[in-house]
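Protein chains in written order, with the working numbering: chain A, 1 to 294; chain B, 1 to 290.
No lab work stands behind these hints, which were simulated from the structure alone.
One should not assume that every hint holds.
Said to hold, decoys possible - SDA-like, lysine to any residue: derived pairs with alpha carbons at most 20 Å apart:
#1 Lys112/B x Arg253/A
#2 Lys112/B x Tyr252/A
#3 Lys112/B x Glu251/A
#4 Lys90/A x Pro278/B
#5 Lys115/A x Pro278/B
#6 Lys158/B x Val147/B
#7 Lys262/B x Gly119/A
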Amino acid sequence: MSQWLTSVIDPYYQQVLMLVGIYIIAALGLNLITGLCGQLTFGHAAFLSIGAYTAAILTRDFHMPFLASLILGGLMAALFGILLGIPVLKLTGDYLGIATLGFGEIVRVAFTNMKITGGAIGLAAIPRASNLINVTIFVILAVVAMVLLENSRFGRALKAIREDEIAAEAMGINAMWYKIQAFGIGCFLAGISGGFYAHMLQYLNPNDFGFLKSFEILNFVVLGGLGSIPGTIVGTTVLTLAPEFLRFVREYRMMIYGLLLVLMMIFRPNGLLGGVNFRRLLRRRKQKAAALSS
Amino acid sequence: MLLQQIINGLTLGATYALIALGYTMVYGIIQLINFAHGDIYMIGAFIGVAAVALFHQNFFLTLATAMLACMVLGVTIERVAYRPLRRAPRLNLLITTIGVSIFLETFMTVLKGPQPTGFPPVLKNVTLRVGTLEFSSIQLVILLVSVALMVGLQFIVKYTKIGKAMRAASEDYDTASLMGININRVISFTFAIGSALAAAGGVLVGIYFNSVSPYMGVTAGLKAFVAAVLGGIGNIPGAMLGGLLLGLAEVFGVAAGFSTYKDAIAFTLLIIILLVRPTGLLGRPIQRKV
Chain A
1 MSQWLTSVID PYYQQVLMLV GIYIIAALGL NLITGLCGQL TFGHAAFLSI
51 GAYTAAILTR DFHMPFLASL ILGGLMAALF GILLGIPVLK LTGDYLGIAT
101 LGFGEIVRVA FTNMKITGGA IGLAAIPRAS NLINVTIFVI LAVVAMVLLE
151 NSRFGRALKA IREDEIAAEA MGINAMWYKI QAFGIGCFLA GISGGFYAHM
201 LQYLNPNDFG FLKSFEILNF VVLGGLGSIP GTIVGTTVLT LAPEFLRFVR
251 EYRMMIYGLL LVLMMIFRPN GLLGGVNFRR LLRRRKQKAA ALSS
Chain B
1 MLLQQIINGL TLGATYALIA LGYTMVYGII QLINFAHGDI YMIGAFIGVA
51 AVALFHQNFF LTLATAMLAC MVLGVTIERV AYRPLRRAPR LNLLITTIGV
101 SIFLETFMTV LKGPQPTGFP PVLKNVTLRV GTLEFSSIQL VILLVSVALM
151 VGLQFIVKYT KIGKAMRAAS EDYDTASLMG ININRVISFT FAIGSALAAA
201 GGVLVGIYFN SVSPYMGVTA GLKAFVAAVL GGIGNIPGAM LGGLLLGLAE
251 VFGVAAGFST YKDAIAFTLL IIILLVRPTG LLGRPIQRKV
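Bound-form chain A, shown alone (with noise of 0.2 Å):
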């Protein structure tokens, strides 16, 4: 089958394809957090770190199979998000993203100075076991769980607590509760993209996962529109394709992107696709049709 796929796409292509559809597991787990539930965090790379420590860990050092390992790191990522989100969550606006960006650096730091990731010399030899088939695959799973997630009693309690919390609370909601599942839904997702991503680079060193990476994720899920499902996912695929497409003009790469994302805030406050989500589109093709046969 991969070889089938080698035949098809060029193995740089399919690369670029993996990154795209790996950060939009983590981008989905983000824009649970903060656009629908409206929790400012700073700090997603950690958990994508603890995923793909955990997991790459327990594959290369204890051969465990890759699924297994895959939803191990998940969960200790889960378990970490829901750890640091009981004491945190009590915080609101800003100082809940300081606090979060505090973790993010405090785990970067850790997995620096210990011993079975590698510290600063980073964890090598991972088994390469990410591809472009299991990763679509568990892109698939992780939209639609999203997308039934944000349609159920569950995510329109997480969208109550975004517009507001106090009148939220009012109506019976346990706000607390909601935002630490919530987290840990969102941390589960960073972990699992962590997996693929530890397994796809087959390198893991703590300095890919500092704030710039967590704001990299969180400019996916602005840019693309805060709790739009689509618009995370055209986002993150525009974001980390624009790289890739910017590589002619080589060292001012990075200038030029970050250009594009002051000029992208100024010209599309509300992202590319703002207040857009599935069940919308759906019905606005329908209404399409239904004037086109009238």
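Given the coordinates of chain A, assemble chain B onto it according to the supplied hints.
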């Protein structure tokens, strides 16, 4: 030995405080975490290097050049990138600051290469001895210059008309503008002062560690930001207190044997303070309105 560590901690802390003031003033007025602030500090250090290397200026002229140039830079960035987003969602503004930060870092990398450069000698480094106490003349200069700048800032904020306008704007942005305060001018002025202080910090740190690099703004900026939050973001004395506390905490943390975890000390302190006093040491509590 203890006193020695305190001096080291205060020197480091004073530079954090200088950068933290810019974060705190901007946050106080427009509730924006300006992630590009650390990069202004970096640019300030590079301008300092250029001023010495190209024009052989003395220390005070170098400092003044860097501060003036960064003032212009800070105001320009605010005018071009942040002002169009004044009424946009706050998260967008935040991402814009990250975009600017990436832009400045890569601009400097393209210009000078990623590797650190030394700071050309501009101050004589003499070791001063008072009893058993040892400290360098550079440390003394850093402390004196930082204190002078902070006193100057305190004077501007407390006793000048623009300072009064700044305080009014940080109290209530909309009401202040209704009272005839030109908000745009106040914000530009805030960015100018904050950037100048960051540039001073950059030059001092560049001389102290004799190393300047395009990515020096990332860690220093984050730590200064932590200092601002520790003291209560939006609060000027709080930023100074936070900076000094952070410097002391790091020096004592290293002395206690946590040197490999040095960069985590600041953030651990941050989370603890946020959990105990969510708005920082000198911050006012947030009111939850129904």
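Status of each hint after checking the structure:
1. For the suggested pair Lys112/B and Arg253/A, the alpha carbons sit about 16 Å apart, so the restraint of at most 20 Å is met.
2. This hinted pair checks out: Lys112/B and Tyr252/A have alpha carbons roughly 13 Å apart, not beyond 20 Å.
3. Distance restraint check for Lys112/B and Glu251/A: the Cα-Cα separation of roughly 12 Å lies within the 20 Å cut-off, and the hinted pair is therefore satisfied.
4. With a CA separation close to 9 Å, the supplied pair Lys90/A and Pro278/B stays within the 20 Å bound.
5. Distance hint between Lys115/A and Pro278/B is unfulfilled; the C-alpha atoms sit about 34 Å from each other, more than 20 Å.
6. Proposed proximity of Lys158/B and Val147/B is supported: the alpha carbons are some 16 Å apart, at most 20 Å.
7. About 15 Å separates the Cα atoms of Lys262/B and Gly119/A, which keeps this hinted pair within 20 Å; it holds.
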